[in-house]
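S.K.: First to last, the sequence lines map onto chains C and Y.
If you read the first sequence in our numbering, its first letter stands for residue 1, the second for the next number, and so on.
If you read the second sequence in our numbering, its first letter stands for residue 1, the second for the next number, and so on.
Honestly, I wouldn't trust all of these hints.
Which copy? The list can't say, so a pair holds if one copy fits it or any two copies do.
[Unchecked claim] Derived DSS-like pairs: lysine-lysine, alpha-carbon spacing no greater than 30 angstroms straight-line:
{"hint": "1", "residue 1": "189", "residue 2": "231"}
{"hint": "2", "residue 1": "142", "residue 2": "276"}
{"hint": "3", "residue 1": "161", "residue 2": "283"}
{"hint": "4", "residue 1": "283", "residue 2": "70"}
{"hint": "5", "residue 1": "205", "residue 2": "161"}
{"hint": "6", "residue 1": "276", "residue 2": "70"}
{"hint": "7", "residue 1": "140", "residue 2": "304"}
{"hint": "8", "residue 1": "29", "residue 2": "161"}
{"hint": "9", "residue 1": "140", "residue 2": "227"}
If you are wondering where the hints come from, they were derived from the structure by calculation, not from laboratory data.
Protein chains: 2
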Amino acid sequence: MSKNYAIGIDLGGTNLRVALVAEDGEILKKIKKPSTEEIVASIIESIGEIRHDSIQGIGLGTAGLVDRVKNRVFFSPNLRAIEGIDVVSELRRTFGVPVFLENDANAAALGEKVSGAGKGFGTFVLLTLGSAIGGGIIYKGKLLEESAEIGHMSIQADAEKCPCGNMGCLDNYASARAMISKAVSMLEKGTESLLKECCKGSIYKITSEDIYRTALEGDTLSREVLKEGGKYLGVGLANIINILSPEAIILAGGLVGAWNIYVQEAIKEASRRAFKDLFDSVKIIPSSLGDNAGIIGAACLVFKELSRDLPLP
Amino acid sequence: MSKNYAIGIDLGGTNLRVALVAEDGEILKKIKKPSTEEIVASIIESIGEIRHDSIQGIGLGTAGLVDRVKNRVFFSPNLRAIEGIDVVSELRRTFGVPVFLENDANAAALGEKVSGAGKGFGTFVLLTLGSAIGGGIIYKGKLLEESAEIGHMSIQADAEKCPCGNMGCLDNYASARAMISKAVSMLEKGTESLLKECCKGSIYKITSEDIYRTALEGDTLSREVLKEGGKYLGVGLANIINILSPEAIILAGGLVGAWNIYVQEAIKEASRRAFKDLFDSVKIIPSSLGDNAGIIGAACLVFKELSRDLPLP
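Take the sequences, apply the hints, and build the full model.
M.R.: So, in structure tokens, the structure goes:
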């Protein structure tokens, strides 16, 4: 009996990922390349390279806010080139199959549900912890079609302005970008740190991996930065727990690599803050699909929608 | 053709409300009395007074966190007497009909969906704005079985401790309790205000109605307190909008009476903070059922559950 296949596309960060995915979440072929301004052309070319005779459709997970009525992205500060363009119609015209659009973190949540760390949970929240913080919510086994912009929840109402327009967003305290910016500003003030010696002499090239590595070597500045970021992530976790009472929170993205300091601190802080009974019922665990969650989830949009027996577009 | 009926119970605040409700949300009989420590006895007596020959079940909306597995309330700081007791089994034994338990604000959200301001919306959030702040979420027409403790979302991560254990909860900035406490502390410091003359000479008897009334008379302190509370409510609204992208936010509870200052300020603040496209798509409107939303919603738990064809308990 042959499997069902779909193309999953992840336009989440600086890379474009395109894969051929089976209904059970297995990836058969995968392409990764830097994303360009020519998004549609680049996607079409990539799909051409891995095309399969019998794909059932194409699913696209992208950074930004998805307008589910107009089937477009209306706001995507980290990927402006996707805003407003009708990529869905273009792909549909080119490949003659149904095309579905979702936010990238939402798609990743669906991926974890279908074949990752979320398999055993009915209701969970996925957080992507990278240069920015994104979220996706699975409720009773299904993806909630909501913005889930958890990184842009204000946790310091009167604090600094976030590029999104809000003030004191979680993103400004607990993302890699926020922690790097904090480390750099401490270094600029002359704080001693092992970070000075890494990154080829320029403190402006520091990465979150540098911070975690030096923290493990005992660097005070790096430990402080990671623990502070983790503490604020914990504020976000407690808010999620108090509002959504999920069975699990699944953490994905590069910062999961800093689990032993950053995430541990977050869990400790959340345990102090969230309603005790709700905290005791939630499991906080790492993603099991890593970078593949987005493409798998995007492909699963196709199977999910087609199994609903919606009239095809 | 005869209608279907259920008993709806609202154990939300200081009062116990019990009503006979038809499936379309119509209230046929209603009892309201102060809640006592003898919760179960009091409920049984009230149901006896309005009992109907053919009720299909009993729905109970109560303050606190509901454990949906054990069918109990595990934490209810404002109604300790309900914690841990097996009211569901007791009512089922006494009346021989199915009994369903929900959080009171969740039940109110369901009530607004069935026959109130939420009728025309698929996805909305209901906020109860009273001495405390509660929430309930309707997604694609159905009640999300989640805690929805939106009042206990931290919006000032490093601020004062909330009685719930978290720090800087929305409840501590935007509830009636918070605003009254702010007004009292300003009066204690000697700030001039019309509030001094009302409330029979004791500033410790001030109500949120006093604050709104004197604010309308031009009192500076009262206007300031309401505007500040409204501003923080706006922070909460923006967080809800960014995370849940609802079609509407429905505001219920006593503070809705202070719409022209408090809620207007909240809407202004939310418009500054939330993602513009999401803010532009949300309607922020008052509840249309008022105090009846909870009992109607509680009764609707019965119809909702029975229409699912669940095996009866």
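S.K.: Against each hint, give a clear statement of whether it holds in the structure.
M.R.: Hints and how they fare:
Proximity of residue 189 and residue 231 under a CA criterion of 30 angstroms is satisfied intra-copy only: 23 angstroms inside one chain copy versus 35 angstroms between copies. In this homomeric assembly, residue 142 and residue 276 come within 30 angstroms of each other (Cα to Cα) both inside a single copy, at 26 angstroms, and across copies, at 27 angstroms. When the C-alpha separation of residue 161 and residue 283 is checked against a cutoff of 30 angstroms, the pair qualifies only between copies, where the shortest distance is 25 angstroms, while the shortest distance within a copy is 32 angstroms. Taking CA atoms no more than 30 angstroms apart as the test, residue 283 paired with residue 70 passes between copies only; the shortest distance there is 19 angstroms, against 36 angstroms inside one copy.
Taking the shortest Cα distances, residue 205 and residue 161 sit within 30 angstroms of each other inside one copy (24 angstroms), while across copies they are farther apart (39 angstroms). Within a single copy, residue 276 and residue 70 get their C-alpha atoms only as close as 42 angstroms, which misses the 30 angstroms cut-off; across copies the closest is 16 angstroms, which meets it. In the homo-oligomer, the alpha carbons of residue 140 and residue 304 lie at most 30 angstroms apart both inside one protomer (14 angstroms) and across protomers (17 angstroms), since each shortest distance falls under that limit. Taking identical chains as interchangeable, the C-alpha atoms of residue 29 and residue 161 are never at most 30 angstroms apart, the minima being 42 angstroms within one chain and 52 angstroms between chains.
In the homo-oligomer, the alpha carbons of residue 140 and residue 227 never lie at most 30 angstroms apart, since the shortest distance is 33 angstroms inside one protomer and 39 angstroms across protomers.
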